[in-house]
Every structure is written in structure tokens, then in C-alpha cells.
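S.K.: For reference, the chains in residue letters:
Number of protein chains: 2
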Amino acid sequence: MLYKKRLFTPGPTMMPRNISLAMAQEMLHHRKPEFKALYEKSAVCLGRVFGTGQPVLPLSCSGTGAMVAAVCSLFAEGDRVIAIDGGKFGSRWLEICQAHKVEAVHHAVPWGQSVNPDDIEALLDADPSIKGVLAQLSETSTGVLHRVRELAAITRKRKVLLVVDGISAVAVSPCPMDEWGIDCLLTGSQKGLMLPPGLALIALSARAWEWAEAVGPRNFYFNLLAERKNYEKRQTHFTSPVSLMVGLAECLALFDEFTIEQVYRKQWALTCLIRAGVSALGLELFVKEHYAWGVTSVKLPEGVAAPDLIARAAKQYGVIMAGGSDEYKGSMVRIGHMGWIDAFELAGCLYALASAFTDCGGYLGCRNYMEQAMKAYEKALKEGCPAL
Amino acid sequence: MLYKKRLFTPGPTMMPRNISLAMAQEMLHHRKPEFKALYEKSAVCLGRVFGTGQPVLPLSCSGTGAMVAAVCSLFAEGDRVIAIDGGKFGSRWLEICQAHKVEAVHHAVPWGQSVNPDDIEALLDADPSIKGVLAQLSETSTGVLHRVRELAAITRKRKVLLVVDGISAVAVSPCPMDEWGIDCLLTGSQKGLMLPPGLALIALSARAWEWAEAVGPRNFYFNLLAERKNYEKRQTHFTSPVSLMVGLAECLALFDEFTIEQVYRKQWALTCLIRAGVSALGLELFVKEHYAWGVTSVKLPEGVAAPDLIARAAKQYGVIMAGGSDEYKGSMVRIGHMGWIDAFELAGCLYALASAFTDCGGYLGCRNYMEQAMKAYEKALKEGCPAL
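Listed in order, the protein sequences are those of chains A and B. Under the numbering used here, think of the first position of the first sequence as 4, with each following residue one higher. Under the numbering used here, think of the first position of the second sequence as 4, with each following residue one higher.
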């Protein structure tokens, strides 16, 4: 009761109460007119969030399900693609390709760095058999923002599809699919969309749909061609996670009121807040440039164990942060700051981080880091987002 | 405002408000101790509902996803199985097998009839290469209850796995997996479990797990071996649909208080109510024997169009029923009576059915059908469920 429990995890995120309560309404049936009306309303707004005139299709699965849907819909067995692997979710592209017999060229990028688009262009030039590039927009395991716009400028000139996992980026930082030339963009519900997990969204470009038709359905559950056919009737192929669709409509109504541009502006300013605060504390920001707008990774100095720090912040302040993956399990703290979160909460998270850090034996020189962080936030809010 | 809207569809079903509001709680993170505690609590109760000592695994998908998970986990490419096809969901087994290269022997059963277990035994005797039998417990499109107990008595003596879609049957009528000898039982959240759609549950028998190990993972998203490994840590392989897991715990707590035996008793009595009422009205029950305890199909006489009747009942009485599939689209009404529903509501549904039927030009002789239906309910409740 001293502190409220708050999720600063990079998904699930906190939820506005009006979304939670909208989802507690009486159940609807997914084949009846009420559902179709709800879906219709969301369809238009989703186009704005994805920046596309193509249908944005809801699937009943986690974000990973949508990644599988993308691979199995766009590529046939034996097709060659490049999988950009700069973290846990980049590796997931490789695993999915392997499981579904798509040949993936492993393009490793050091954790914490953004892929160099020139490297991808060189690979494509060297091997014209490559049919796709699989990337994250935001690599959730590190907090890197890959330069998807530049990747799209390369792939759109070629017969190469750019498939983007936007799970922790859609509705967090801009990613206008049609304008940039992305061929497939997907996300999950529990990130920028401020919903519980269990709903994924995916859209294909016009040319990607042609590829999907040529490849044909390869996976009974993830059949985007059948989903598109149902979309015309504002239905889903299989039973839709109705309550999440109700919540989605509520979230999109909030976005419409606030405007999606304002959402990005807030996300950018929160990113500036946490980065300024962490720097003021003398802690290391894991990603130096090309950083995500929804998750920030902090690298701890030796001698301070991340799981210990995270457990203390949770216990003492109700501040729930995430740890690092693989080799960074012991030394990284990941702070999610997307969705239903504001600057005061994030400043509180910063305080908890600092306090737990000293409790774990770390040394902090700075005292006014909260003010510095808030100032950086205010400045960023005033100046607006940088172009991506 | 005259009538409350009520779902008498065979899933989604109506929801208790305490489940809806539990799901509106602050979000939990699926990798944190709170989630593990929640999962742990549900794991024990789920064993009772499934009647198994094996883990019951939650998946983030619709019921169909769990059907795909079963086929892809238990059978390799080219394996031969029998698919019992007595309705739309029986056909779905065939489609899934085809999509995932399992060779399915099509065993057609006339719609409205239960499979004859002797026929399956004869098929298995004639073809020892058959490795599995795929069936529904309740075929939702017709309201038939297949004799799964007798099927299991046949398959358990052989090296043949019995895979049962219990989507509209689990927590509706008894299906003790271990006692009967079922090798795979699966369900969806939006039926007897009184939750929104988006969560599926699946359990394998001990010998089915051995088969799954031998087959190995064939589908990246539906990897039951990986799910079982995560189960040991009370986690899910991918992000869990957290709010549905919270609702599940609430539902299972209700079951525990009321006991699952009482749930079955109520379901049986409701089935007697609706069947007695429909008979009293002089309307035709589509399934004469071996009928499901959660959905009842009514065949309308010629001249009365089911879509018209359903639309009238919805508009005038807020009574939402489902229609028939395929050739029965115009002539069948399906009444769902599982989950959070009581006898008074179902008697009201009967009234709406009768009233809409006469409004559509049908003729009814009987006047006291509601009393007859309630009497049948009371009698069934007193006498208790028949053995299955």
C-alpha cells in the first residue's frame, strides 16, 4: 500500500482503466452484427496507426504467432531470406525460418547496435536469390531501433520483401508502412496498444499480397489469405479474442482523440527523460545511438547484480522492471516506458532504480537526476520528435 | 432496455461478472512471481476438470489452434489417422491434417448422428498402419455427443492415439481423460469455462508425450514439448494471454466452490429443459440420441427460415442464438446452454424461440411448454446425470 505496483516492463504494459472496464462488458458473439460494427470502427483507425491503406488483420495469438504467420505466408520452403539478428527477437526470426524450412542467412549485429543498411544492400547485391529481409523495428531485448526506413529504401527497389516485427514499436515510434515501403508490419496487443497480450495485428503491402497468393497457405492456423477474405465481411477466420477486440476499439478511440502524432511525441519525450536520468546517475546506456522509444536498457557496472536490483525495486517501490537476456542476464536492466505511462511515473522509476542501485552497493554521485530527467522531458516535448 | 441481451450461442457464452471484473485488474507480467502463483493455482484445478494427472497447458490461440497443436505434435508427415467427420468441426480435423501433411482417412458420419465405435474398431482392425483417431466430444455444429469413452476403450488397447476436441464439452459434460484413456484432450476458453475467447488448453496422456517426443516439434508456435518444459517453471513458452489466465483462475475457483460434478448436473438438467421444451412445442430435435449437454439443435419445418427466426428473437427479445452450417443454414437453430446460464434464462430463450417461430408463420399447438420444460429440468436435477 506504500507504493502502487507499476509495470515498467517492455510489455505487458500498464492499461488505462477505461480499456479494462470496456473489456469487462457483456460478451459479444464474433459472428453477429455488433462484432462487425466494432471491427469496422477499428479497421479505419488501425490503418492510421500502421500507416497503410491495406487491411490490418487481427490474429488470436501472441506477437510470435504473427511472426510465424509472416514467414509462412510470404516464403515457400527453400526460399532464401536474410534474418537480421541483433538480439533475442532477431534470433527468433532464425528459429522460425528453420522450423518452417525457409533458408535464413544469419546476419548477426552486435547487441546494442543498429544494423548497418549498407551491409544489407551489399548482401542483396551479392546474392540475387534472396527474397526477403526480416528485421525488428525495436529489438525489445536490447532497446535498439533498427533503421527500417533505410532498409525499406533498399528493398523496395528490388524484388525483396521487407518484413518488420514492430511488436514493441507500433504505436510507440512512427513506422508509416506505405510511405516507407515496408512489405509486412506486425505487432502484439500488450505494448503500445495498452491491452493485455493475446491479440496480434499484421498488415501486408500490395506486392506482399501477390507473393502470399503465389506461395499459398502453408500453416492452417496462420492463413493470411483466409483472414483477408474474412476481413471483407469484418470477421476473422477463426474465433476472435472478442474482449481484446473490444479493448482495441477503446484504445484506438483514445489515440484518435489524442492523435497518434501526440503519442509519438510523448514516447520520444519519455525516452529523453529516462536517458537523461540514467546518464545523470552515471549509469551506462546500453544503446548509444538508434535507440527505441519504448524500452531503454541500462548496463550495470560490475559488482551490482541486475536480478538483485530488480527484485529490490519491485519489493520496495512496486517498480517492476525487466532484466537482460542471455549474456546480459546478470548485468542489464530494461525499463519499458510505452503505453499508459506518464513522466511522473517514469521519474519515480528512475528514483527506484537509483535507490536500488545504491542498496546493491553501487555508487552514485549525482543528486538532482530527477530534475535533470524532467527537464529533458519538457525540452523534448517542446521541441517535438526527430525525423526517423 | 425491455429485454437484456443474452448469448445463447454455443460459445462465446455469457460471463459471470466476477470473472469480467477480475480480468479488469491491473496487468501482471507473465515472467514475474505473481503470474507463476496464479498459474500454479490453476494448474491443480485444471487437472480436476480434465480428469488428468498430466499437465494441462494453456496456449494463446483459439480452440482451432489447439487442434493444430495436437495434430502437429503427435503425428509426423505421412502418418495415417482416422478423422471422424460428423459436422463442421469434424471436417476441420481433415483440413488440418491436409494442411500439415498427415494422411487422414475420412470417416463420414451423417450430421446429427454419433459415430458408431464398432465402425472405428473395424477400420483399425483392417489397417494396422493407422496411428490415431481424431474426434469431437461435442460436435458444436450439430449438438452430437460422440461416444468418446467407447472410442477410448478401443484405442487404448492398441498403439493408436485418441485425440479429442472437447471445445464445447470440457466443463460441460464429464470427460475424465485418464480414467477413459484419452490421449489428447483440448478445449477453448469461451465455452464451459465462461471466459472470452483467446485461450486454449490442451493435455496429453503419458504415452502421447512419448509420441510427441518421437515426432519432435513441427510447428514453431505450437510446440507442446517447449510448453511442457516451461510448465515446470509455471511459465508459458511465448507471452501468455495474461488477462484470460486471471479469468481462468477465477472460473476455476467458482468450479471448486460449486464442484465440477454440480456443473455437470446443472448442464444435464438444462439439456433436459431445452429438449423437453422443444419437444412440447412440436419442433424437431435434430439429434435424437447421444446429444451434447451444452448445445441443442432444432430443425425447423419447411416454410420457416432459421435466419429470419434468429433475427426476430434477437431483435424482439435480445435472445442471441446461432444458425446451422452448410446445408442446414436455412433450417437449423442452435441453442447454446453452457457456462454462465440458468434455467430461467433458458426458459426465456424457449419462449423467444416459440414466439419468433409463430411470427415467422410457424404453427404451435402447445401452450404450457415453459412449465413442461421447467418440470423436466427439476426432475433431471433431482435424478442426477446419467453415466456416459
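Worth flagging that the hints you see were computed from the coordinates, not collected in a lab. Nothing here was measured: the structure is a model prediction, and the numbers come from that model. One or more of the hints may lead you astray.
The list treats identical chains as interchangeable, and a pair is accepted whether it falls inside one copy or across any two copies.
[As the list claims (entries may be wrong)] Restricting the straight-line Cα-Cα distance to at most 30 Å, the calculated cross-link-like pairs of lysine-lysine (DSSO-like) are:
no.	residue 1	residue 2
1	K104	K134
2	K91	K378
3	K35	K236
4	K134	K382
5	K104	K232
6	K39	K332
S.K.: Take the hints in turn and mark each one as holding or not.
M.R.: Hints versus structure:
In this assembly of identical chains, K104 and K134 lie within 30 Å of each other by CA distance both inside one copy and across copies; the values are 14 Å within and 25 Å between. When the C-alpha separation of K91 and K378 is checked against a cutoff of 30 Å, the pair qualifies neither within a copy, at 33 Å, nor between copies, at 61 Å. For the identical chains of this complex, K35 and K236 are intra-copy neighbours only, at 11 Å inside a copy versus 40 Å across copies, given an alpha-carbon limit of 30 Å. Taking CA atoms no more than 30 Å apart as the test, K134 paired with K382 passes in neither setting, with 43 Å inside one copy and 67 Å between copies.
When the C-alpha separation of K104 and K232 is checked against a cutoff of 30 Å, the pair qualifies both within a copy, at 26 Å, and between copies, at 24 Å. Taking identical chains as interchangeable, the C-alpha atoms of K39 and K332 lie at most 30 Å apart only when they sit on different chains, with a minimum of 20 Å there against 45 Å within one chain.
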